[in-house]
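Put together the whole structure using the sequences plus the hints.
There are 4 protein chains.
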Amino acid sequence: MKSPLEIVQTMLQEDAFSNWLGIQVEQIDQGSCTLSMEAHSEMVNGFSILHGGISYALADSALAFASNAYGYQCVSIETSISHIRPAKAGEKLIATATEIHRGKTVGRYEVIVADQHHKTIAHFKGTVHISEKVW
Amino acid sequence: MKSPLEIVQTMLQEDAFSNWLGIQVEQIDQGSCTLSMEAHSEMVNGFSILHGGISYALADSALAFASNAYGYQCVSIETSISHIRPAKAGEKLIATATEIHRGKTVGRYEVIVADQHHKTIAHFKGTVHISEKVW
Amino acid sequence: MKSPLEIVQTMLQEDAFSNWLGIQVEQIDQGSCTLSMEAHSEMVNGFSILHGGISYALADSALAFASNAYGYQCVSIETSISHIRPAKAGEKLIATATEIHRGKTVGRYEVIVADQHHKTIAHFKGTVHISEKVW
Amino acid sequence: MKSPLEIVQTMLQEDAFSNWLGIQVEQIDQGSCTLSMEAHSEMVNGFSILHGGISYALADSALAFASNAYGYQCVSIETSISHIRPAKAGEKLIATATEIHRGKTVGRYEVIVADQHHKTIAHFKGTVHISEKVW
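Protein chains in written order, with the numbering used here: chain H, 14 to 148; chain G, 14 to 148; chain U, 14 to 148; chain X, 14 to 148.
Keep in mind that the hints were calculated from the coordinates and are not lab data. For clarity, every value in this text was computed on a predicted model and none was experimentally measured. There could be a bad hint or two in this list.
To be verified - Some residues of chain U that are not near chain H, with every Cβ distance over 12 Å (derived):
(1) His53
(2) Glu55
(3) Glu91
(4) Thr92
(5) Thr109
(6) Ile125
Unchecked claim - DSS-like mimics (lysine-lysine), calculated; alpha carbons at most 30 Å apart, straight line:
(7) Lys117(G) to Lys146(U)
(8) Lys146(G) to Lys146(X)
(9) Lys105(U) to Lys117(H)
(10) Lys101(H) to Lys117(G)
(11) Lys132(X) to Lys146(U)
(12) Lys101(X) to Lys132(X)
(13) Lys146(G) to Lys117(U)
Ideal placement from N, C-alpha and C gives every residue a C-beta, glycine not left out.
Dropping the structure here:
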């Protein structure tokens, strides 16, 4: 079976949107993942702050990598995100995914999105369905 | 006070990410909004299907426009999204936001993201904080 | 295979807490269910309004009955509830569950909890895992 | 202003449902709270396991006490709960609420519900609106 890093590299090759975001893999293991990226001026919303879709996408990618790193394909079925502080273009974003619980067919993960000063920007929770398909 | 359409036009002028997505406003009123966009190849994830961050971003923009259309600035505080069916590059996405309830300081909205065949891709729920700042 | 009503009757026989709540089945079918109950003085919280756990429990039972009525055992894996209006002891509560989408292993349902004047008290969304066990 | 313990004692005096549940306050401070209770045979559902409404109610009370302990009245506006493991009648339940973030008008809390063996039964997240009313 592939290693967590090999799985994430395979996923990232096809993951055009994570590449557009400029996502870097800082850490990856079974059930955990840390990603970073820089907020660009193309990523802001009508209030000139980071669009909620960007912090969501970063957290969702961290969820995907942490849950798929066991070697079985996992698909996100239900997620929620609390937007806690605004972020601005130019800031570095760091998403840290940790495992709440992983059963036979369902896994739960928490992802904290923070800025370079360790201030929380968003708090994300995701539930995935674990399939039997091997990476 | 500005009309719903004037508010959305003002918001969209600054909303670089909604512009990158290619969002079109199909309908806008106080508490309701329909947006459309086309899924591009830059928007897929490691499974070669639409990245969850894209359907989230489209739904979040529909939430922002529907809730801000009353003329008072609203900020999303808590959102959840269920990913129901995969979408592919080339498909048209339509997000329809409707109001569940709007009180003095808190509003709740539901957004359905569907494809051109009216098949539901994602089901989104969002809670906003209503400020006293006028657009 | 048992009918929706037979399944719910079987479930209710063992469901001590739904019985404590005084839940009545108003309508039941595959994917839909309407329940009613009366709010009692034992069900209020520290603000002398209905405890959030009561409206949640009523909605969760409606979710359970609507999703199990197909004849396969379903277990709730992820739920969210927005508390919209307070309710008081003496009021009648009506929970109406409808199906958002049902796939092979995952089903999504929405439940509206209202009072006797059709005012929404709570808005609930639930995701269930569909097992292969037959009722 | 009242102390956290005085506020919780005031709230519990009126909180008929928390009393029915047999909730004990193990720890209380501004932004944190630990509650315990014993699961009774009246609290099970149609699968003869703890009804989701009970773990929700326990978590919701922990959220209420942790967020109100600052002295300002807080009302829950949006909550979600993941049911992770089943619990049975006779087991002890412990709910631990911690603060994710507290701003001027909105606070976010996480509550873990575990059994006496420290196994997680449910994972709860709640958002409250902070009013200016003093306890």
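Quick rundown of the hints versus the structure:
no.: 1; hint: His53; result: holds, 32 Å
no.: 2; hint: Glu55; result: holds, 31 Å
no.: 3; hint: Glu91; result: violated, 5 Å
no.: 4; hint: Thr92; result: violated, 9 Å
no.: 5; hint: Thr109; result: holds, 21 Å
no.: 6; hint: Ile125; result: holds, 19 Å
no.: 7; hint: Lys117(G) to Lys146(U); result: violated, 47 Å
no.: 8; hint: Lys146(G) to Lys146(X); result: holds, 23 Å
no.: 9; hint: Lys105(U) to Lys117(H); result: violated, 40 Å
no.: 10; hint: Lys101(H) to Lys117(G); result: holds, 29 Å
no.: 11; hint: Lys132(X) to Lys146(U); result: holds, 26 Å
no.: 12; hint: Lys101(X) to Lys132(X); result: holds, 13 Å
no.: 13; hint: Lys146(G) to Lys117(U); result: violated, 47 Å
When each numbered hint is compared with the structure, violations occur for hints 3, 4, 7, 9 and 13.
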